[in-house]
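Residue numbers for the sequence shown, in mature numbering (1 follows the signal peptide of the UniProt record, and there is no 0): -33 to -1, 1 to 163.
Honestly, the hints are just simulated from the structure, not real lab data. Mixed in with the good hints, there may be bad ones.
[What the hints assert, rightly or not] Straight line, CA to CA, 30 Å or less: simulated DSBU-like cross-link-like pairs of lysine-lysine:
hint : residue 1 : residue 2
1    : 129       : 107
2    : 107       : 131
3    : 44        : 119
4    : 152       : 131
5    : 119       : 131
[Claimed, not checked] Okay, the calculated beta carbon distance ranges per label pair:
hint : residue 1 : residue 2 : range
6    : 145       : 18        : 49 to 57 Å
7    : -11       : 160       : 31 to 39 Å
8    : 20        : 111       : 45 to 53 Å
9    : 128       : 24        : 43 to 51 Å
10   : 53        : 33        : 36 to 44 Å
11   : 39        : 126       : 37 to 45 Å
12   : 5         : 84        : 23 to 31 Å
13   : 119       : 73        : 52 to 60 Å
14   : 20        : 76        : 28 to 36 Å
15   : -10       : 25        : 56 to 64 Å
16   : 160       : 39        : 47 to 55 Å
17   : 39        : -4        : 38 to 46 Å
18   : 120       : 73        : 24 to 32 Å
19   : -4        : 151       : 50 to 58 Å
Glycine included, C-beta positions come from ideal geometry on N, C-alpha and C.
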Amino acid sequence: MADPTPSQSSMARRSSSWPLGLLTLILAPVAAAMLLYQLDPYDPAPVPIHEFSQQPMVVPKLNSRMLQGSEMIGVGKLLGPEDIAYHPDSHLIYTGCADGWVKRVTLNDSVVQNWAFTGGRPLGVALGRHGQLIVADAEKGLLEVTTDGMVKTLTDEAEGIKFKLTDGVDVAVDGVIYFTDASYKYSLKEYIWDIF
């Protein structure tokens, strides 16, 4: 009857073959990747070397005329404004703030008023074709604020996926609204996870 325990020579063969197996496990994907890379027909355009050989532009560190004639408005009353929309007929500036309010700033007397509460974090703002304000709210989605300050949700999802970080909006001349949702996975409070 044969001895069921493995012999010394078969154990020695197994213990010496595991480094070879590990090496094969590592080298096989690397070799496959190199082969696929060589077979890839994509040929990028050459880097224009003359772009790197230009002398850098010299500009002054401070342009004293840049803010000449301007005044600061809303100091201490606007917490974390992200974007502005200017209404040229009424001379009003609209901006969304971190406290959830869309603020309206009167330019003539620099009055800042809480105009419409979104209940979220309004980031992007743009004027619509009929004087309404379109707001990209990070927590609530794409909103419309009527001229009398009433907030209405336009959309908060696309194809069944909820928006998590709606942050930019613009309205084209023909009235089409373009907006961005920075992440469908992470909200404004969780955005750091989007880096990983």
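Against the structure, the hints:
1. 129 x 107: 10 Å, holds
2. 107 x 131: 8 Å, holds
3. 44 x 119: Between residue 44 and residue 119 the Cα gap is close to 25 Å, so the pair holds against 30 Å.
4. 152 x 131: Distance ~6 Å between residue 152 and residue 131 Cα, so the pair holds.
5. 119 x 131: Holds, because 18 Å separates the two Cα atoms, which is no more than 30 Å.
6. 145 x 18: 49 to 57 Å: Given about 31 Å between the Cβ atoms, the range is violated.
7. -11 x 160: 31 to 39 Å: At 36 Å between Cβs, range holds.
8. 20 x 111: 45 to 53 Å: This hint holds: roughly 51 Å between Cβ atoms.
9. 128 x 24: 43 to 51 Å: 44 Å, holds
10. 53 x 33: 36 to 44 Å: At roughly 19 Å between Cβ atoms, residue 33 and residue 53 fall outside 36 to 44 Å, so the hint is violated.
11. 39 x 126: 37 to 45 Å: 44 Å, holds
12. 5 x 84: 23 to 31 Å: Hint violated: Cβ distance 59 Å, outside 23 to 31 Å.
13. 119 x 73: 52 to 60 Å: Because 24 Å falls outside the window, the suggested range is violated.
14. 20 x 76: 28 to 36 Å: 54 Å, violated
15. -10 x 25: 56 to 64 Å: At roughly 58 Å between Cβ atoms, residue 25 and residue -10 fall inside 56 to 64 Å, so the hint holds.
16. 160 x 39: 47 to 55 Å: Since the Cβ atoms of residue 160 and residue 39 sit about 36 Å apart, the hinted range of 47 to 55 Å is violated.
17. 39 x -4: 38 to 46 Å: At roughly 59 Å between Cβ atoms, residue -4 and residue 39 fall outside 38 to 46 Å, so the hint is violated.
18. 120 x 73: 24 to 32 Å: This hint holds: roughly 27 Å between Cβ atoms.
19. -4 x 151: 50 to 58 Å: About 33 Å separates the Cβ atoms of residue -4 and residue 151, which means 50 to 58 Å is violated.
Consistency note: the structure conflicts with the earlier hints numbered 6, 10, 12, 13, 14, 16, 17 and 19.
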